[in-house]
Each structure stands twice: as C-alpha cells, then as structure tokens.
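Novice: So the sequence lines, in the order shown, correspond to chains A and B. At the far end of the first sequence sits residue 341, using my numbering, and the numbering has no gaps. At the far end of the second sequence sits residue 114, using my numbering, and the numbering has no gaps.
Since the hints were made in silico from the structure, they are not lab data. Here the structure is a predicted model, which is why all the values come from computation and not from measurement. Among the hints, erroneous ones may be present.
Pair by pair, the computed Cβ-Cβ distance ranges are [what the hints assert, rightly or not]:
1. A:Gln245 / B:Thr111: 34 to 40 Å
2. A:Gln245 / B:Asp55: 36 to 42 Å
3. A:Thr248 / B:Gln72: 42 to 48 Å
4. B:Pro80 / A:Glu243: 48 to 54 Å
5. A:Lys298 / B:Ser71: 27 to 33 Å
6. A:Thr233 / B:Asp55: 41 to 47 Å
7. A:Thr233 / B:Ser15: 34 to 40 Å
8. B:Glu21 / A:Gly231: 44 to 50 Å
9. A:Arg337 / B:Leu57: 35 to 41 Å
10. A:Glu290 / B:Pro8: 41 to 47 Å
Straight-line distance between alpha carbons at most 16 Å, and here's what the computed EDC-like set of lysine to aspartate or glutamate pairs gives [stated by the list, open to error]:
11. A:Lys298 / A:Asp258
12. B:Lys50 / A:Glu329
13. B:Lys62 / B:Asp101
14. A:Lys285 / B:Glu16
15. A:Lys311 / A:Asp266
16. B:Lys69 / B:Asp55
Heads up, the beta-carbon is just placed ideally off N, CA and C, and yes, glycines get one too.
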Amino acid sequence: DGGITQSPKYLFRKEGQNVTLSCEQNLNHDAMYWYRQDPGQGLRLIYYSQIVNDFQKGDIAEGYSVSREKKESFPLTVTSAQKNPTAFYLCASTITPLGTEAFFGQGTRLTVV
Amino acid sequence: AQSVTQPDIHITVSEGASLELRCNYSYGATPYLFWYVQSPGQGLQLLLKYFSGDTLVQGIKGFEAEFKRSQSSFNLRKPSVHWSDAAEYFCAVGAFNNNDMRFGAGTRLTVKP
C-alpha cells in the first residue's frame, strides 16, 4: 500500500543535540512538506520541497534544516539552534502541481529532556 | 502567501445536533480549499476539497462544505453529529501554481452524549 512513513513515532532529545526525523513516501509525489503542530496553533509550515534538490522555507524555518536528495525522502533535522523543539511534527506529500489531497504521515512527537 | 483563519478554537455540540465549523481564507487568486480531520496523536485525513465548479461539496462521513467567494469562506457542516466525530478539524488553502499549502489553527470538536 502506498503512503507516508514517519519514524520514529516518539523521540527524546537532550538539549544541545541535533536530531533527524525521517519521512519516506512511496506515492510518487513530487512535493513534500514538514509541519510543526503545537496546541492551539494548528499546523505551521517549516519547509517544503516541490522537486528533488530544491526546497523552500516556510513560516518557522529557523533552527531546522532539510534535504531532498531523493524523491521518496525528505528528512528534517532539528538543530540545537531551535529554542523550543518539543512538538508534534507532521510530514505530508502532494502531487505537483497541487491538484489533490495531501497525504500525511502519523507524526513524530519530539520531546527535549 | 495564502492564510487561513478558523475563528473557533473549541466547539461543543450534543450528539444528533447540527454542526458548522467556520473557515476564512486569504488568497488573491482562486484557492484550493480543504478540510481535514485529526484524531489525537494521529496524522490528518481529508474530509473534502474544493477546486472549482459546484460551490457545495460533499465529503466523507456525511460532511459538506460551501465555498463562498464573496465572504472568503469555506465552512464545514454536518446535519447530525455522532460521538465519533469528536476530533480536531483543520481548514487548509493551496493553489494550483503554488505548493505552499497553509493550515488554520484548528477547531477542536467535543460531542456531548
């Protein structure tokens, strides 16, 4: 079955450490997205990529980095520069151009300890 | 960039009552509009979408939404709410030539027995 896989589901990080969240899709979608979800703030766009080797910053890109070396993969690194990284992170993908729904992964809950 | 406002953070309705969740968007061109539902700790599932044509769109689980260009709104409705509808609901806006997809802050729905 086609879909998006995020791993791990739960992640704990010590302050000052970088951590990478995985997102893989087998839907053959061109565009991929990372959102951060905090209570009462909905989904805020961190980064998105419309094509391999290209990506754009969203509203809250500071303290995050991404790569898009393969169409299927869009990993997100939460760096030590991100001051408040504890949140629920969602990865999504869509066909390009945007013509149908976004498919979402099940999310990764990151906690800084 | 486009933006979405969901004015109601939390709504409580009795089971069997009707429901309307509000969504207002800001975008200069013709928007693509979506409603998604999220159960706790899960990803998002598409309820319905509007791209063009008939301004009243039907979705899954008995939901419908009406696009009103003059009011920049895309409100979600259901004539009779079931206890299983309790979840968080997100409105989203995108565009054909732009994969920058934005979400509202969400509306949490509680259903009273």
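Novice: Any hints this thing doesn't respect? Which numbers, in order?
Specialist: 2, 5, 6, 8, 10, 13, 14
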